Amino acid sequence: MKIAAEIVALDVYYQYAASSDLALKNINLRIEPGEFVAIIGPNGSGKSTLAKLFNGLYTPTEGDIFVAGFNTKNQDDIWKIRQKAGMVFQNPDNQIVATIVEEDVAFGPENLGIPPEEIRQRVKEALEIVELTEYADKAPHLLSGGQKQRVAIAGILAMKPDCIILDEPTAMLDPVGRKEVISTVKKLNQNEGKTIVLITHFMEEAVQADRVLVMEKGKVVMEGKPNEIFSQVERLKKLGLDVPQVTELAYKLTRDSVPVRRDILTVEEMVDCLCQLM
Amino acid sequence: MSIDVKNVTHVYMPNTPFESIAIKDINWTVKDGEFWGLIGHTGSGKSTLIQHLNGLLKPTSGEILINDINIHSKGVSLKSIRQKVGLVFQYPEHQLFEETIERDVAFGPKNMGLAEEEVAKRVKEALDLVGLSYEEVKDKSPFELSGGQMRRVAIAGVLAMKPEILILDEPTAGLDPRGRDEILEEIVTLKQKQKLTVILVSHSMEDVAKLVDKLAVMYRGQIVSQGTPREIFQDYEGLVEKGLGIPQITELMIKLKERGKNISTDILTVDEARAEITKHIRRKGLA
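Heads up: the sequence lines are chains A and B, in that order.
So the first sequence is numbered by the working numbering: it starts at 1 and just counts up by one.
So the second sequence is numbered by the working numbering: it starts at 279 and just counts up by one.
Derived from the structure by calculation, the hints contain no laboratory data.
Treat the hints loosely; a few may be bogus.
[What the hints assert, rightly or not] Covered stretches of chain B (chain A as the covering partner; in silico rule of three or more C-beta atoms under 8 Å from a C-beta of chain A):
#1 421-432
#2 452-466
#3 471-484
#4 520-531
#5 537-551
[Stated by the list, open to error] So, partial list: chain B residues that the calculated Cβ filter (under 8 Å) puts toward chain A:
#6 His319
#7 Leu534
#8 Ile555
#9 Thr556
It should be emphasised that the depicted structure is a prediction, and the values quoted were computed from it without experimental measurement.
Glycine is no exception: its CB is placed at the ideal position from the N, C-alpha and C atoms.
Based on the provided sequences and hints, a complete structural model is requested.
Next up, the structure:
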């Protein structure tokens, strides 16, 4: 069965062996090639579980997940799936395996059995994309948190995936590190055409996506463009989520009858909007 | 309880090829009852510094004074220092290990050699302080809880030792917005109720802007500036150069000012911005 989308979930349920509750309930979604999707939701809402289903680390208890047309339940295709959909995790220190940056980036393609000449080429390209070429021969522990995460991203890129799934990649980073990682992610999407699935608790990051999925208790409860989602300030707060500070400000200003748009997501939009009024 | 950090330098693995200076010539005074935020890029030395404050690390040179007493001088019990200066590490839930929540929280006070009734009383109080019901959770395994709840149990374990200074290393990392707000509110309440001195290490400029009285900024092993959040967050570019930032709402006000608007940039919260902008617009008669 061939399904023409990057990732498709059909009637997916997932239950952890030790638990009596369902971690995911009746998930149906499609992620198109080249799309940038952010997933937000409270802790325990099923975001990370879903991400692990997307690259075949878990298989659905019921239903099916297709990655580039391959069913993740088919164990024969599992390596193709992992190569198509790479994952980046929260803690940069847990993802680094080598003592030199370029060796770390080469680890994935080496395991795919790719010829050394081609590996060298891939490592070079991947480091260029994440802008760490000058660090190729450095020890990873000397890098900042943001740089380490970019090394982890380069390691995934060297496997030439179509899709990259990032599970809270900025949770442990300082503000500049967070910005570095998110601008790298945007570049991968816009310049390299990679499909991106970004799980995050930072709303300023989620607003950068083409589409936002909101999860609660194992279900997708809201879905839409960032401005459609984040203008629903009260509903998000009820879900235990947040909106960017400028979006909250827009919401509060409209209550004071200041005529600003309710769906403002970034500082720049708010500056432009207020400059017309002030 | 007060802390004085005097000319403290710490060198990891001195006299080896791996020698590295983690913190350099730190001078910092935290007075009794103050609420400090400590910010800095990853690897700037924040964690090394705070581990000096309860004697887990010993300065290579310099002194740490708690209530004017050098904690590494003869006759000072580091055990009692560690009880007075409670340190909650990053991801403290990874350090939970007992079979029940009651036993986990009791671990610290038991090690202090307290009588059984006193331990039981403290466990109850500490769980209560972090917003967990003793009766509901005492027999549960810590591992049955959500991330935010596990973190509260870990904080309760430190509170059960009745510290006078509480140091928290990124207590909200990885928590969802509600979990983050709940923990921060509890820290504020605790500080008031227990009259604690608090140091909060954080990567969230929004959180420290809302909460703390004073900020220390670390950069490459040194404290490079100290002041109130209002003072510190005026230097947007300087902070970005140091791997940091400012709250989004403060950034908005600075950018409005750059566009020639006569508006205050001394703004740390959404509500302050709302008041300032509304005032400005009303003056113009637009709303």
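Comparing the hints with the structure gives:
| no. | hint | in the structure |
| --- | --- | --- |
| 1 | 421-432 | holds (count 3) |
| 2 | 452-466 | holds (count 7) |
| 3 | 471-484 | holds (count 3) |
| 4 | 520-531 | holds (count 8) |
| 5 | 537-551 | holds (count 6) |
| 6 | His319 | 5 Å, holds |
| 7 | Leu534 | 6 Å, holds |
| 8 | Ile555 | 6 Å, holds |
| 9 | Thr556 | 5 Å, holds |
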